[in-house]
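Residue numbers (our numbering), protein chains in the order written: chain A, 6 to 355; chain B, 6 to 355.
In short, the hints are calculated from the structure, not lab data. Hints should not be assumed to be uniformly reliable.
In this list, chains with the same sequence are indistinguishable; a pair is considered to hold if it fits within one copy or across any two.
[Said to hold, decoys possible] Quick list of in silico lysine-lysine cross-link-like pairs, DSSO-like style, CA-CA up to 30 Å:
id	residue 1	residue 2
1	Lys239	Lys130
2	Lys106	Lys341
3	Lys130	Lys249
4	Lys50	Lys239
5	Lys130	Lys341
6	Lys130	Lys106
7	Lys50	Lys130
8	Lys341	Lys249
9	Lys106	Lys50
10	Lys239	Lys106
11	Lys341	Lys239
12	Lys249	Lys106
13	Lys249	Lys50
14	Lys341	Lys50
Fair warning: this is a prediction, and the values are worked out from it, not measured in the lab.
2 protein chains.
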Amino acid sequence: MMAAVTAPLAGERVLLETALRDAIPRTGLVRHYETVADYPRRGGKRMRPMLCLAACRLYGGASADALPAAVALELFHNAFLVHDDVEDDSTRRRGLPTMHKALGTARAINVGDALSALAVVSVAKGVRCWPAEVAGAVSIEFAHLLQRTTEGQATELAWIAEDHYDLDDGDYLALVREKTCWYSTVHPLRIGALIGSRGRADIDRLNDFGFYLGAVFQIHDDIENLQAGPDYDKDALGDILEGKRTLPLLHLLRTASPSDRSLALRVIGPHGSGAPAERTATVRELMDRYGSIEYARHFVDALSGLALAEFRRLFNSFPASEALEFLFTLVTDLGKRTRRYSRPARVVPA
Amino acid sequence: MMAAVTAPLAGERVLLETALRDAIPRTGLVRHYETVADYPRRGGKRMRPMLCLAACRLYGGASADALPAAVALELFHNAFLVHDDVEDDSTRRRGLPTMHKALGTARAINVGDALSALAVVSVAKGVRCWPAEVAGAVSIEFAHLLQRTTEGQATELAWIAEDHYDLDDGDYLALVREKTCWYSTVHPLRIGALIGSRGRADIDRLNDFGFYLGAVFQIHDDIENLQAGPDYDKDALGDILEGKRTLPLLHLLRTASPSDRSLALRVIGPHGSGAPAERTATVRELMDRYGSIEYARHFVDALSGLALAEFRRLFNSFPASEALEFLFTLVTDLGKRTRRYSRPARVVPA
Numbered sequence: 006m007m008a009a010v011t012a013p014l015a016g017e018r019v020l021l022e023t024a025l026r027d028a029i030p031r032t033g034l035v036r037h038y039e040t041v042a043d044y045p046r047r048g049g050k051r052m053r054p055m056l057c058l059a060a061c062r063l064y065g066g067a068s069a070d071a072l073p074a075a076v077a078l079e080l081f082h083n084a085f086l087v088h089d090d091v092e093d094d095s096t097r098r099r100g101l102p103t104m105h106k107a108l109g110t111a112r113a114i115n116v117g118d119a120l121s122a123l124a125v126v127s128v129a130k131g132v133r134c135w136p137a138e139v140a141g142a143v144s145i146e147f148a149h150l151l152q153r154t155t156e157g158q159a160t161e162l163a164w165i166a167e168d169h170y171d172l173d174d175g176d177y178l179a180l181v182r183e184k185t186c187w188y189s190t191v192h193p194l195r196i197g198a199l200i201g202s203r204g205r206a207d208i209d210r211l212n213d214f215g216f217y218l219g220a221v222f223q224i225h226d227d228i229e230n231l232q233a234g235p236d237y238d239k240d241a242l243g244d245i246l247e248g249k250r251t252l253p254l255l256h257l258l259r260t261a262s263p264s265d266r267s268l269a270l271r272v273i274g275p276h277g278s279g280a281p282a283e284r285t286a287t288v289r290e291l292m293d294r295y296g297s298i299e300y301a302r303h304f305v306d307a308l309s310g311l312a313l314a315e316f317r318r319l320f321n322s323f324p325a326s327e328a329l330e331f332l333f334t335l336v337t338d339l340g341k342r343t344r345r346y347s348r349p350a351r352v353v354p355a
Numbered sequence: 006m007m008a009a010v011t012a013p014l015a016g017e018r019v020l021l022e023t024a025l026r027d028a029i030p031r032t033g034l035v036r037h038y039e040t041v042a043d044y045p046r047r048g049g050k051r052m053r054p055m056l057c058l059a060a061c062r063l064y065g066g067a068s069a070d071a072l073p074a075a076v077a078l079e080l081f082h083n084a085f086l087v088h089d090d091v092e093d094d095s096t097r098r099r100g101l102p103t104m105h106k107a108l109g110t111a112r113a114i115n116v117g118d119a120l121s122a123l124a125v126v127s128v129a130k131g132v133r134c135w136p137a138e139v140a141g142a143v144s145i146e147f148a149h150l151l152q153r154t155t156e157g158q159a160t161e162l163a164w165i166a167e168d169h170y171d172l173d174d175g176d177y178l179a180l181v182r183e184k185t186c187w188y189s190t191v192h193p194l195r196i197g198a199l200i201g202s203r204g205r206a207d208i209d210r211l212n213d214f215g216f217y218l219g220a221v222f223q224i225h226d227d228i229e230n231l232q233a234g235p236d237y238d239k240d241a242l243g244d245i246l247e248g249k250r251t252l253p254l255l256h257l258l259r260t261a262s263p264s265d266r267s268l269a270l271r272v273i274g275p276h277g278s279g280a281p282a283e284r285t286a287t288v289r290e291l292m293d294r295y296g297s298i299e300y301a302r303h304f305v306d307a308l309s310g311l312a313l314a315e316f317r318r319l320f321n322s323f324p325a326s327e328a329l330e331f332l333f334t335l336v337t338d339l340g341k342r343t344r345r346y347s348r349p350a351r352v353v354p355a
C-alpha cells in the first residue's frame, strides 16, 4: 500500500539517511569505522528515528531540529543490536553474520561501545543547539532510555541464566516495556515532541501510546521468529534456543499438559538438550497443538486496538499532516503485520 | 607520605564517595544493581573524578558543581573496566574475579552498559544545572572522551587480532593517548576547569599536562604488571599473555637478537604457544637480559619531568590552595611510583 504512493515523510527519510551516514567518521581510523558503519548500513526500518522526526513535526518543530536526536536513537539501537547479538550468541542479523561471529567477541563489544559513543556525540551536538530547557530535558530522556533498556536486558538475562520460567503475561509485558518500549517508541516520541514544542508539550501523555506501539512491535518480532519464511534475515527460531520468554512460549508452558510442559522445558533455552533443529521443531509442534501463536496473534490485535484508540485520543484535534499520516500508517500497518504470517507455518530449522 | 598528614581534598573524597554510592539505585532491581555496584565498590584511586574536582576548585568553582561530572567519569571508567576485562579475558580485578568470570559474558556486557547508562544519567543531571554554555561544552567533552577511548581500544584490539608487532615508541604513545589519556587525565582536567571557570578557562592549555600525566600513569601500570608483588590485585604478567604492546615489550622486540626476538614472538599474545607460566617467565627473563623494564623506567622519568614542567608552566601564578597541593602531590607521587619496583623483580606466574 505504501509503495503505491509517495510514503509520508519521504523527505525526512532522506535527511535521516544523510545525517546518519555523516555521523560515522570516514577519515582517520578508516577500518575501525567501516566496522562501526556495518550494522547501520545493513538497513532496517529506521522506526525509532522516524518516530522522533514525526513527533517533532507534529508538535510544530522543523525536522532539522530533531535530527541529532533521531540519529542518536538509531545509533543507540544499533549499539544495542551488536551487544545483544553477543549476549544471545546470535549468528545472523539482517541476512549477514553477526558482528561477533565476523570479528570476535572482543572487537564486537568495542564496536557496540563505539556506536554508543557516536550516539552521545550526536546528542551533545543537539545540546549545543537546543534551547537550554530543551537540552536539559532531552539529556534526561536519553539517560532514562539507556538506564531502562539495560534494566530490561538485566531482567531477561537473569531469567535465562537462572532457568526462570514461572512467568505470566504481566511479567512479559513488564519486560517488553523495559527492554523494548522505552528506547524504541516511548522516548523517540517524547524526545521528538519535546524538541518540536520547545519543551511545552505534555509528553507524559504519549507514554501509553508508545507502550502499546512498542509491545505490538515486539510481539510481532517474536511471532516472526517462530514463523520465519525464506526471506527472514535473522536466526529463524533462535528465540527458542536462546531461551527468550516470548508470549507464545509462556502460553505454551501455561496451557500444556504436565508431560508436554516437561518436554518443552527440557529442550528450550541455552541449557536445553538435543540437536538444535529437533529442539525447535518440538517446540513449534507443541505451540501449534496448543494454539500458542494464535493466542499471541489475538493478544497483538488487542494491543493494536489500544494503540489506535490512544492515537485517536491524542491526535484527534490535530490538523491533517504528513507526520500524522506517517504515524497513522505505522500504527495500522503494524496492526496488520501478523496477517502476513497467518498461514500454517513452515518450520525452518536454525 | 600522604598518610602522615590530612590528604589534600580529603573533604572532596568524602563528597565523591557519597555521590558515587547515590548514583547507583538501591531500590527496584536490587540484584541487578548489586552487580552494577560491584566494580565501583572494589575501590581504586578515584584519580579521574578527583582530577576533575581539583581542576574545578583551581579554576574558581565549588566542588559540588563538578560532582555530577566527577561521578560520571568514575562510572564510565568502571564501565570500561568491565568491558576491557571481557575483551582481554582477564581473570582478576582488584583482587576478585572479573565480572564475566563471575557472571558470564552476556551479563558482564550488560553490566558495563548499565554503568555507562548511569554515567549518562549523571551527566544529564549536570546539564540541567550548569549554565547553558557550560552544559553544551561539557556534553561535547564527554562525547569526545567516549569516542576517543573506543578508537584507542579499536587500535589495540586490531593489533592483537592481527599479530601486529612492528611498532615503535611513537605508536605506543599515540595508542596511550587515545585509550588512556583522554578519559583518565585530559578530559577530567578540562571538564573540571570548564565547570569551575563557568566556561571561561582556556582548557586546551591543559592537554599536554594531561597527556604526560596519563602516559606516566599507563607506563607505570605496564611496569607493575611485569613486576607484580604479592599484593598485586590484577592478573600478574597478564599483559604478556593478552598480547598488550607495552613499552618494555616493544623495546625487547626492537633490541633483541633475531633468535631472541623470534622466541619472544612465539610465546607472547593470545596466539602464543606453551604453558602460560613458561611463556611469561621466558618473556620476563628476556626483558631482564635486554634491560627493557629499565628502559621503560627511564622513559617514565622523562615523562614525569615533562609533567612537572607543564604543571609549573600552567599553575605558577596560581595562589597556594588545597587543590594545587593535590595536583602537585599526584604528579610527584606518580613520578616516584616506579621506585617501589626498582629491586630485581620476582617473577610471579599468572
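Status of the hints after comparison with the structure:
{"no.": "1", "hint": "Lys239 <-> Lys130", "result": "neither (34 Å within a copy, 38 Å between copies)"}
{"no.": "2", "hint": "Lys106 <-> Lys341", "result": "neither (34 Å within a copy, 45 Å between copies)"}
{"no.": "3", "hint": "Lys130 <-> Lys249", "result": "neither (37 Å within a copy, 35 Å between copies)"}
{"no.": "4", "hint": "Lys50 <-> Lys239", "result": "within (14 Å within a copy, 44 Å between copies)"}
{"no.": "5", "hint": "Lys130 <-> Lys341", "result": "neither (38 Å within a copy, 41 Å between copies)"}
{"no.": "6", "hint": "Lys130 <-> Lys106", "result": "neither (33 Å within a copy, 38 Å between copies)"}
{"no.": "7", "hint": "Lys50 <-> Lys130", "result": "within (24 Å within a copy, 32 Å between copies)"}
{"no.": "8", "hint": "Lys341 <-> Lys249", "result": "within (24 Å within a copy, 53 Å between copies)"}
{"no.": "9", "hint": "Lys106 <-> Lys50", "result": "within (23 Å within a copy, 37 Å between copies)"}
{"no.": "10", "hint": "Lys239 <-> Lys106", "result": "both (13 Å within a copy, 29 Å between copies)"}
{"no.": "11", "hint": "Lys341 <-> Lys239", "result": "within (21 Å within a copy, 55 Å between copies)"}
{"no.": "12", "hint": "Lys249 <-> Lys106", "result": "both (20 Å within a copy, 23 Å between copies)"}
{"no.": "13", "hint": "Lys249 <-> Lys50", "result": "within (23 Å within a copy, 40 Å between copies)"}
{"no.": "14", "hint": "Lys341 <-> Lys50", "result": "within (16 Å within a copy, 56 Å between copies)"}
Checked against the numbered hints listed earlier, the structure breaks hints 1, 2, 3, 5 and 6; every other hint is satisfied.
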